[in-house]
Amino acid sequence: MPHIVTENCQSCRFTDCVSHCPVECFHEDDERLYINPDVCVDCGACIPACPVQAIYDVVDMPEDKDPWIKVNAERSKTLPVIMSKQEPLPTAEARRTELGL
Amino acid sequence: MLKIHIAIVGSGPSGFYAAEALLRSDLNVEVNMIEKLPTPFGLVRSGVAPDHPKLKQSILVYDRILKQDGMNFFGNVTVDEDISVEDLLKTHHGVIMACGAPLDNKLNIDGENLKGSHAATAFVGWYNGHPEYRDEKFDFKQKTAIVIGHGNVAADICRILSKPVSELKKSDIAEHALDALAESQIRKIHVVGRRGPVQAKFSPKELRELVDISNVTTEVDVNDCEIGEQCKVELSDPKNISSGKNLELFRSFSELQTSPELTPHSPRKIKFRFYLTSQKIHGAETVEGMSFFKNQLGGQAFSQTVISTGETEHISCGLVFRSIGYRGVPFKDIPFCDDQGKIPNKEGRVIKNGKAMPGVYVTGWQKRGPSGIIGTNRADSIETVDCLLADMAGVEKTPKSGSDGLTALLKKRQVQIVELDDWLKIDTSEIARGKKYGKPREKFTRVDEMLDVLSV
Numbered sequence: 000m001p002h003i004v005t006e007n008c009q010s011c012r013f014t015d016c017v018s019h020c021p022v023e024c025f026h027e028d029d030e031r032l033y034i035n036p037d038v039c040v041d042c043g044a045c046i047p048a049c050p051v052q053a054i055y056d057v058v059d060m061p062e063d064k065d066p067w068i069k070v071n072a073e074r075s076k077t078l079p080v081i082m083s084k085q086e087p088l089p090t091a092e093a094r095r096t097e098l099g100l
Numbered sequence: 000m001l002k003i004h005i006a007i008v009g010s011g012p013s014g015f016y017a018a019e020a021l022l023r024s025d026l027n028v029e030v031n032m033i034e035k036l037p038t039p040f041g042l043v044r045s046g047v048a049p050d051h052p053k054l055k056q057s058i059l060v061y062d063r064i065l066k067q068d069g070m071n072f073f074g075n076v077t078v079d080e081d082i083s084v085e086d087l088l089k090t091h092h093g094v095i096m097a098c099g100a101p102l103d104n105k106l107n108i109d110g111e112n113l114k115g116s117h118a119a120t121a122f123v124g125w126y127n128g129h130p131e132y133r134d135e136k137f138d139f140k141q142k143t144a145i146v147i148g149h150g151n152v153a154a155d156i157c158r159i160l161s162k163p164v165s166e167l168k169k170s171d172i173a174e175h176a177l178d179a180l181a182e183s184q185i186r187k188i189h190v191v192g193r194r195g196p197v198q199a200k201f202s203p204k205e206l207r208e209l210v211d212i213s214n215v216t217t218e219v220d221v222n223d224c225e226i227g228e229q230c231k232v233e234l235s236d237p238k239n240i241s242s243g244k245n246l247e248l249f250r251s252f253s254e255l256q257t258s259p260e261l262t263p264h265s266p267r268k269i270k271f272r273f274y275l276t277s278q279k280i281h282g283a284e285t286v287e288g289m290s291f292f293k294n295q296l297g298g299q300a301f302s303q304t305v306i307s308t309g310e311t312e313h314i315s316c317g318l319v320f321r322s323i324g325y326r327g328v329p330f331k332d333i334p335f336c337d338d339q340g341k342i343p344n345k346e347g348r349v350i351k352n353g354k355a356m357p358g359v360y361v362t363g364w365q366k367r368g369p370s371g372i373i374g375t376n377r378a379d380s381i382e383t384v385d386c387l388l389a390d391m392a393g394v395e396k397t398p399k400s401g402s403d404g405l406t407a408l409l410k411k412r413q414v415q416i417v418e419l420d421d422w423l424k425i426d427t428s429e430i431a432r433g434k435k436y437g438k439p440r441e442k443f444t445r446v447d448e449m450l451d452v453l454s455v
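Chains as they are written, first to last, in numbering that gives the first Met the number 0: chain A, 0 to 100; chain B, 0 to 455.
Treat the hints loosely; a few may be bogus.
[Claimed, not checked] Heads up, simulated BS3-like pairs for lysine-lysine below, C-alpha to C-alpha not over 27 Å straight-line: (1) Lys105(B) with Lys200(B); (2) Lys279(B) with Lys105(B); (3) Lys69(A) with Lys53(B); (4) Lys84(A) with Lys345(B); (5) Lys140(B) with Lys105(B); (6) Lys55(B) with Lys84(A); (7) Lys64(A) with Lys238(B); (8) Lys84(A) with Lys238(B); (9) Lys66(B) with Lys84(A); (10) Lys69(A) with Lys204(B); (11) Lys69(A) with Lys244(B); (12) Lys55(B) with Lys69(A); (13) Lys55(B) with Lys168(B); (14) Lys76(A) with Lys55(B); (15) Lys64(A) with Lys244(B); (16) Lys53(B) with Lys84(A); (17) Lys53(B) with Lys76(A); (18) Lys53(B) with Lys64(A); (19) Lys231(B) with Lys200(B).
Since the hints were made in silico from the structure, they are not lab data.
Quick caveat: nothing in here was measured; it's all calculated off a predicted structure.
Produce the entire structure from the sequences given, and follow the hints as far as they go.
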């Protein structure tokens, strides 16, 4: 089962996960990141790398986040691969505080 | 633009991610990757368990890097035998050490050298077809094995020892290992750790896989899952999610039972044992049992240590596998921190006598010690390469001979270099051999066999 980026990435986009991904399975738009489930090798290195706990292994993901499975699969198909870490969004730190992380 | 020549010693994940970062930089870089074996990919080839094919897909990324312009593979070349780090510094602007941590930590107890007491590295290397471990022998006629250590390598060992071979035979496990495991009489595996279930280093995914093996039961003493206040503090840290999941899994296991007579057909049992420190391995010539000191935890959350209760426990067994951490190998010309088994460094710059050693860098397990998973090495190598690139301003004005110089030196010393095309021939040949058995590949397990492919 693949790994999934969920709502906490929104307004943050810390992108630390990208440097930890061994196979370049992250795709990006201006708002957030998505994992290509066909490329992800399920190593889990991205999970602790995310400062806002946005990434889950599907097996451990709370059920209310299930819609993100489809979003990741579909959006990653058309969006470009992100290869290196970028600056977080200007709203990132405020959002992290809001999330209590 | 003048060229910067960088040598990378080692071709595992950290080496490849260093190469990737170098080749992606704005500079004109030539990367020469040096590997002791004729085959690349380090622990992804010879460490990742054969029943984890998905993780091995990271090889697709390495394969792409290998074929990039500016990248050269020098397989079958051993540093400190065929060539020294000093030689590499004469021919290159920089050297990145990426040799991992191939040696195992010892228990340092009596009986450790008895027949039947093994290092995890030897067993893992053996079932993965690593030439250095080809001739290891394991006595699978034994009914009980003890695995020391509560990390993912210990989990791999348990899985390979307990999975029905029918579930392994379509993997790239070495044929000699499959044959030996098919005859295995092992019925019970004790997985022993010094501390409690909250401190176990398994990733929950690996633990769950053990539960899912057909015809295997996982057992735990429920009393071991009663945890103290400091453990509760550890569990409440949001960064410590996996410990909570592990505890949940342990609690779902069956209660530890004193099982009746083990028959060849009784299901295999994996027993998780906690709070036990290795005391002695018993036996005349071969392992017959192992004794432990019983512990309890003391100290503050996240730095809880073990305190002996004064009691001991004896477990009869015929096999012991220790998986309690790994160490790097020291190299001539480069400092080595013996305590930690790694090269002293600051963000990847090798530190000698308190100062950064010009041109010498380190990445991966040899840099930070044996922690983290494949992807951890990517971030680690990016950090090392960032330091290297910052130091390289202007160095290209001092030209170096790079791959030409290195090739000339090795030819003069009559070393048979395995280049990219040679490796691809070995690769093709292994894949063809595997087809016969429905396996993704049948690895060559001796260096001579690999080189024979090239002489045809």
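Structure-based check of all given hints:
no.: 1; hint: Lys105(B) with Lys200(B); result: holds, 18 Å
no.: 2; hint: Lys279(B) with Lys105(B); result: holds, 13 Å
no.: 3; hint: Lys69(A) with Lys53(B); result: holds, 21 Å
no.: 4; hint: Lys84(A) with Lys345(B); result: holds, 21 Å
no.: 5; hint: Lys140(B) with Lys105(B); result: holds, 25 Å
no.: 6; hint: Lys55(B) with Lys84(A); result: holds, 24 Å
no.: 7; hint: Lys64(A) with Lys238(B); result: holds, 20 Å
no.: 8; hint: Lys84(A) with Lys238(B); result: holds, 21 Å
no.: 9; hint: Lys66(B) with Lys84(A); result: holds, 24 Å
no.: 10; hint: Lys69(A) with Lys204(B); result: holds, 22 Å
no.: 11; hint: Lys69(A) with Lys244(B); result: holds, 25 Å
no.: 12; hint: Lys55(B) with Lys69(A); result: holds, 25 Å
no.: 13; hint: Lys55(B) with Lys168(B); result: holds, 17 Å
no.: 14; hint: Lys76(A) with Lys55(B); result: holds, 22 Å
no.: 15; hint: Lys64(A) with Lys244(B); result: holds, 18 Å
no.: 16; hint: Lys53(B) with Lys84(A); result: holds, 24 Å
no.: 17; hint: Lys53(B) with Lys76(A); result: holds, 20 Å
no.: 18; hint: Lys53(B) with Lys64(A); result: holds, 24 Å
no.: 19; hint: Lys231(B) with Lys200(B); result: holds, 16 Å
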